[in-house]
Amino acid sequence: MEKIKEDVLILGGGMAGLRAAIAAAEHNPKLSIGLVSKLYPLRSHSVSAEGGTSAVLNPKDSFDLHAFDTIKGSDYLGDQDAIEEFVRLVPEQIYTTDHWGCPWSRNPDGTISQRDFGALSFPRATFAADKTGFHVMQTLFSRAMKYNIHFYNEYFATKLILNGGQLNSVTTINLRTGDFVVFQGKALIFAMGGAGRLYQFATYAHSVTGDGDGIAYRAGIPLKDMEFIQFHPTGLVPSGILITEAARAEGGYLLNNKKERFMGTYAPHKFETASRDVVSRAIMWEIEAGRGVKGEYGDMEYVYLDMRHIADKLDERLPMITEIAKKFNGIDAHTELVPVHPATHYTMGGIDSNVKTTTSVPGIFVAGENACVSIHGANRLGSNSTNECLALGNVAGVAAAEWAGSHSIPDLDAAQVRDEEKRIWEDMLKRDGGENVAKIREDLRINMDKNVGVFRTADALKNSLKNIAALKERYEKITIQDKASTFNLELEWAFEVGFMLDLAEIITAGALQRTESRGAHYRRDFPDRDDANFMKHTIATYSRDGPVFSYRPVVVTKWQPTVRSY
Amino acid sequence: MEELVVEVTRTDEKGNPKLQSFNVPKDKVSTVLEALLYIKENIDPSLSFRYSCRMEICGSCGMEIDGKPHMACSTTTESLKGDKIKVAPLKHYNVIRDLAVDIDGFFDKYKAVKPYIIRDDENVKYESELLQTPAQFDEFIDYSLCIKCGLCMAACPIEGSDSDYLGPAPLAAIWRYVADNRDQGAKYRLEIASGPEGTSRCHFVGECTEVCPKGVDPSYAIQKLRGSMVKYEFQSLFRRH
Ligand SMILES: Cc1cc2nc3c(=O)[nH]c(=O)nc-3n(C[C@H](O)[C@H](O)[C@H](O)COP(=O)(O)OP(=O)(O)OC[C@H]3O[C@@H](n4cnc5c(N)ncnc54)[C@H](O)[C@@H]3O)c2cc1C
Ligand code: SF4
Ligand code: FES
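Chains A and B, in that order, give the protein sequences.
The C-terminal residue of the first sequence carries number 566 in our numbering, and the numbering is unbroken.
The C-terminal residue of the second sequence carries number 1241 in our numbering, and the numbering is unbroken.
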């Protein structure tokens, strides 16, 4: 067993983790900073973000407008105090990354350009063509090269160890060697991303499996609002690769099998640029009404995205999706229709946190999609996540550096470390019930798509809980067939599936208890929002018998909930 | 059911290579990455390779496909001729296991070129952007599209014989920053480019540009760098007098 100590320890090298690492390094250059990630940082999911990042840069725009758009988008489940503070933190991040070399798209006069995005009242999405996440990630990663940040690439975190409610250590497997490595830090930042690959049809990278949420939950740190999963209206069929919302914001239409533009029926003002939950449901209703397109791509019915009339904008403003349609589907978006279907896209829930990025454990911070502040409430607005990664990644980095400056590393809890070591090598690797990890994962994803998707009902959710319980039993009987210690991805999959099963249970049970429809959570049996009973966050805490739920009221400052229409 | 034969050059953890063929149903997969995942999920869970985004943006899945460096996720099975695909690890890297290779050396070279904006006004609170016209933007944007997949390093014949050579992607990164009007660090970078591991070793074979999945054109970047180096040396000669 190898032991590594750092002053500030960061789990995750996506946009939030990298931003936090740089912030900590700048805040206190004397600290040692370690960044542990199961992927090389540039392989993180964040590089996939396409369309833009919202920031108030224009004098005609205002913080109140950005805050209100976010609150309305959240279907009034976002905490308004946090949102008001958050929107004020963003502009500086845009200018900072500009000075670090991020190629933000420009106006003719050389200033940073902004564009419209779904459900925005002002075109405030700052963008780097349709490769926003990619360019921000390259900028942060390159900037990180300036500092002496220790990168532990391809180390897989398996467990957070607390001792008497205090941070103790994090256990990992060095995937390259198979060694068991224990990390300790004075402060710890969780930045391990969302959980979208719990579903089959998803815009997410394969690597987004909810490990951060799963690890925190098992250690007793509560998760918040996990039942809120965003479905993006336009996943490319059949791969699920994202066709950015900017395609519609730039003027693209959605058409049904009669080649009719149908969004007017569902969102008479905003049409295709209504909020994501609204557009996703509209597409599903069209398909249910028999107006979906059948055929070319297996069983999945879909609708069309029509960009032919904006063909002249594609090469400059939407180059990546134009290239993707060509490379993956052989479709020329200038002249042909693109097949799309709603796909899992964002995890609104996460570790229970706030705009200071703290958690229930002193010295442990959280940022990015791993966190639930809550800014996004029941539905995240497009372009409101990468800015959160930057702004609150920065807050977390500074807060962790401050904490590390005045705290020390506790004695290692050797007993718990030994237990985890045993669990990996003597339990996980030696189980021999013949069940296949990949098969359990596939069955879980099919269940989530079918029962906990865009539309939910009590029956389907109960069914899902039954299925998950059965999958958990099968999980006890897995056989990891790969016995190698070097680069054993099957072992990694096994851990991920363990986390996914926990999270699937929390999502489903939370959705069952929320007998209303709000944002991305839509109950056919309770189609209306119920402010009298559900202006509250769902908090899930681990117990041996499954998640224990409690609730906390939403913070309202000056925007009372009203009917939400687009 | 029609089948595709995928022949993989595998290497076990002790470093022993072997060829192994797998049959994959054609209608279940549309890309090489999907074929490899199909194998791992359904036939042999011990097959090792890297992947993440499956949309050719994270740079994970570079490998040799039918003898040339490609990204597995964006190489459609349709685009390949015949019913047999040959897959092998990238050349010029040490193999860790199967198709996963050691890319640390590549990232070390990237770090060595100081791939970040260097400015005099560091670490202040920034309250506005640095102006950059669309024309200035166009000067460098194509070179900023590099996904660090390392295919160019595997294709470069110089890299094969001379592992000290910085190589195409790191040199293209130098040009990316030199050509950015927001940068003030050309001096440091051109010194690296003109050093013994720099552009002088390039023979302009152009293989790097040919295999680059993102159209970065490292070969042209190296030419541009040589041009600027001449200008820069000329100017510093004057300064010395
Ligand atoms: C296709 C797509 C497009 C998007 N477009 C936009 C957009 O235009 N605008 C916008 O604002 N948002 C967008 N989003 C959302 C946004 O991209 C993400 O929410 C954000 O990038 C998440 O960043 P992160 O740093 O929190 O996590 P990630 O980038 O997912 O990083 C997670 C990190 O944690 C590490 N990790 C995970 N598990 C472990 C473990 N067990 N051990 C060690 N390390 C681990 C990983 O290696 C990785 O480095 C988009 C999302 C998708 C799916
Ligand atoms: S220059 Fe092209 S081939 Fe080389 S690492 Fe970058 S993207 Fe890959
Ligand atoms: S999996 Fe990301 S580039 Fe292929």
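Hints are supplied without guarantee of correctness; some may be wrong.
Straight-line C-alpha distance at most 30 Å; calculated DSS-like pairs for lysine-lysine [unchecked claim]:
hint : chain 1 : residue 1 : chain 2 : residue 2
1    : B       : LYS1114   : A       : LYS146
2    : A       : LYS327    : B       : LYS1014
3    : B       : LYS1028   : B       : LYS1081
4    : B       : LYS1086   : A       : LYS326
5    : A       : LYS483    : B       : LYS1014
6    : A       : LYS356    : A       : LYS477
To be clear, the hints were calculated from the coordinates, so they are not data collected in a lab.
Now for the hints, and whether the structure bears them out:
{"no.": "1", "hint": "B:LYS1114 - A:LYS146", "verdict": "holds, 7 Å"}
{"no.": "2", "hint": "A:LYS327 - B:LYS1014", "verdict": "violated, 37 Å"}
{"no.": "3", "hint": "B:LYS1028 - B:LYS1081", "verdict": "holds, 18 Å"}
{"no.": "4", "hint": "B:LYS1086 - A:LYS326", "verdict": "holds, 24 Å"}
{"no.": "5", "hint": "A:LYS483 - B:LYS1014", "verdict": "holds, 13 Å"}
{"no.": "6", "hint": "A:LYS356 - A:LYS477", "verdict": "violated, 42 Å"}
Going down the numbered hints, you'll see the structure goes against 2 and 6, while the others check out.
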